[in-house]
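*Asks:* Just need the whole structure built from these sequences, with the hints factored in.
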Amino acid sequence: MDFLDLLSLNDRKLTVGIDFGTTFSGVAWAETRRPDHISIIETWPSRLGTREGMSSPKVPTELRYTDDGTEWGFQISPTIDRHQWFKLGIAESRTLAGGGTPEELTTDYLTKLYEHIMYTLEQKIGPAVLRKVPLEFCLTVPAIWSESAKEKTLKACQKAGLRSNSEILLVSEPEAAAICALHGLDPHGLDIGDTFVLCDAGGGTVDLISYTITALHPILQVKEAAGGTGDLCGSTFLNRRFGDYLTRKLGGEAGWDNEILAEAMDKFDTVIKKQYAPQIDGDDGYTILVPGLGNNPKLGILRGRYTIKPADMKAIFEPVIKKVIDLVNGQISASERKIRAVLLVGGFGQNNYLKERLRAALGELEVLQPPNAWTAVVRGAVMMGLSRANPRLSSVSVMSRAARKHYGVELHVSYESTIHNKSEMYWCERHEAYRVRAMHWLICKGDAVEENKPHEITFRTGFPISEGKPKSATLTIWADPSSLEAPVHNGPSVSKLVTLEADLTHLQKSDLDKTIQTYEDGLEYYVIAGSIEATFFSASTKYVLRYQGKRYDTLKAEYV
1 MDFLDLLSLN
11 DRKLTVGIDF
21 GTTFSGVAWA
31 ETRRPDHISI
41 IETWPSRLGT
51 REGMSSPKVP
61 TELRYTDDGT
71 EWGFQISPTI
81 DRHQWFKLGI
91 AESRTLAGGG
101 TPEELTTDYL
111 TKLYEHIMYT
121 LEQKIGPAVL
131 RKVPLEFCLT
141 VPAIWSESAK
151 EKTLKACQKA
161 GLRSNSEILL
171 VSEPEAAAIC
181 ALHGLDPHGL
191 DIGDTFVLCD
201 AGGGTVDLIS
211 YTITALHPIL
221 QVKEAAGGTG
231 DLCGSTFLNR
241 RFGDYLTRKL
251 GGEAGWDNEI
261 LAEAMDKFDT
271 VIKKQYAPQI
281 DGDDGYTILV
291 PGLGNNPKLG
301 ILRGRYTIKP
311 ADMKAIFEPV
321 IKKVIDLVNG
331 QISASERKIR
341 AVLLVGGFGQ
351 NNYLKERLRA
361 ALGELEVLQP
371 PNAWTAVVRG
381 AVMMGLSRAN
391 PRLSSVSVMS
401 RAARKHYGVE
411 LHVSYESTIH
421 NKSEMYWCER
431 HEAYRVRAMH
441 WLICKGDAVE
451 ENKPHEITFR
461 TGFPISEGKP
471 KSATLTIWAD
481 PSSLEAPVHN
491 GPSVSKLVTL
501 EADLTHLQKS
511 DLDKTIQTYE
521 DGLEYYVIAG
531 SIEATFFSAS
541 TKYVLRYQGK
551 RYDTLKAEYV
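Each residue of the sequence shown is one higher than the last, beginning at 1 in the working numbering.
None of these hints come from the bench; they were simulated from the model.
Glycine is no exception: its CB is placed at the ideal position from the N, C-alpha and C atoms.
Any given hint could turn out to be false.
What the hints assert, rightly or not - Simulated pairs of lysine to aspartate or glutamate, EDC-like, Cα-Cα distance not exceeding 20 Å: (1) Lys132 to Glu103; (2) Lys223 to Glu451; (3) Lys542 to Asp503.
What the hints assert, rightly or not - Beta-carbon label-pair distances, calculated as ranges: (4) Gly549 to Gly161: 33 to 43 Å; (5) Ser423 to Thr515: 32 to 42 Å; (6) Thr476 to Val129: 39 to 49 Å; (7) Arg248 to Asn452: 52 to 62 Å; (8) Glu366 to Asn452: 44 to 54 Å; (9) His217 to Ser148: 34 to 44 Å; (10) Ala341 to Gly549: 46 to 56 Å.
*Replies:* In structure tokens form, the structure reads like this:
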């Protein structure tokens, strides 16, 4: 009996990957006993009321509230007002036009998506099996997002009711895409030391990450060659620029309204943007319907059609395309290695004009669009989820990642004139010495970070015994994403990342009594000395309290 046969009897699990995207979202799933068979959900509810009336590898990330309930995805007519692009607002915590916060909209959307996931799984494997087999979710998030934005998305999943037998696994979108893309490469053409840059160009974000192959057997092993980069320059920003252009050009014309704009935006999104090829399009321009607008030859309106000049269309595309090219070049430079190829994935990554512009900009360097580029992220999410369920199911393993920030804590330490700023110095009566507040960095930007090597943060805190048994201790983790060298002192580039609260209620009074010390102020204190272990994963961090040789999963993390 082989390993997969044993799994089918003892450890059968179902892994579901969710790519919650800015414009479209995707879902895939697989069982641990058939890890190579990844199924994509390709049927979705339609406007006609059927549960599986639309066929597509992804569903629009759109939401509309009606008197009868909530419509989502393909249920919404393209000419009706709806909530779009709300994922972009998660990192900003603002109320959107039409009401609702990005977190509320995300929760409502994920609720509908989850309902359809469970319906589909029930149809595919049967309700009895679905009830018995453990279900685990893996959700992808942009690599450029803050820890706070990732935490908000995780909470939205929990509020949406996602039933996971273990913690919902958060993974970065470009890493998931890279796992899928690297898995699909011909292993016979790979060598140890080969470095690939992956460009995940989606609807909202464009994420860059590079990997160097460190081993080919028994599985493909890679390490990050440089810290990931990215920006908000996905395909929705082309849509926004097109919409702004039309409003600026035609907004003053009699008869112009939101319905005309919506139809024009749909034509741009589904036709013009995908087929844009200025080198072969000629000089005739790009025509959209503007019914109800009077003729204006000077403006380009004739018989209900408006013609956009080639130069105007290029001006819409150029800033976004240039930003993507700059990001790719920046990642290539940061890798400091000879790049084998650039792998282009994501919805925007399927755009032929973007691909051709990248090829022209990168010269002889290959730009490849792997198969299933649009679903690479969600396929990779399933692969990473299967790997967590059982490491023996891994096909590609990321051995280390390059830290994107400096991570550390602020301590009171003895003043040293060769290290510290004199202006930070103060006299400490308790230590009878000059002290300073200084940063102690656990990880520096660019450091190789491994999942199997937790980073330890030691702490020592005194609690007056007159105030009773201590209930909790807090510790703040700070981060600096911009400084090349980790600063000695807290400053403008350093900001709070997360406040950790360790639950101390489990500590016994007899153990606490052994820690009592008398301070210089004559008062007695419980002196708690322990450590916190921080383990950094693809898109999340796990914190564990260690005290007197024991590990406690009793930490609350409040992200800033």
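*Asks:* Please go over all the hints and tell whether each is borne out by the structure.
*Replies:* Evaluation of the provided hints:
no.	hint	verdict
1	Lys132 to Glu103	violated, 32 Å
2	Lys223 to Glu451	holds, 12 Å
3	Lys542 to Asp503	holds, 15 Å
4	Gly549 to Gly161: 33 to 43 Å	holds, 39 Å
5	Ser423 to Thr515: 32 to 42 Å	holds, 35 Å
6	Thr476 to Val129: 39 to 49 Å	holds, 46 Å
7	Arg248 to Asn452: 52 to 62 Å	holds, 55 Å
8	Glu366 to Asn452: 44 to 54 Å	violated, 33 Å
9	His217 to Ser148: 34 to 44 Å	holds, 40 Å
10	Ala341 to Gly549: 46 to 56 Å	holds, 49 Å
Of the hints listed earlier, those the structure fails to meet are numbers 1, 8, in rising order.
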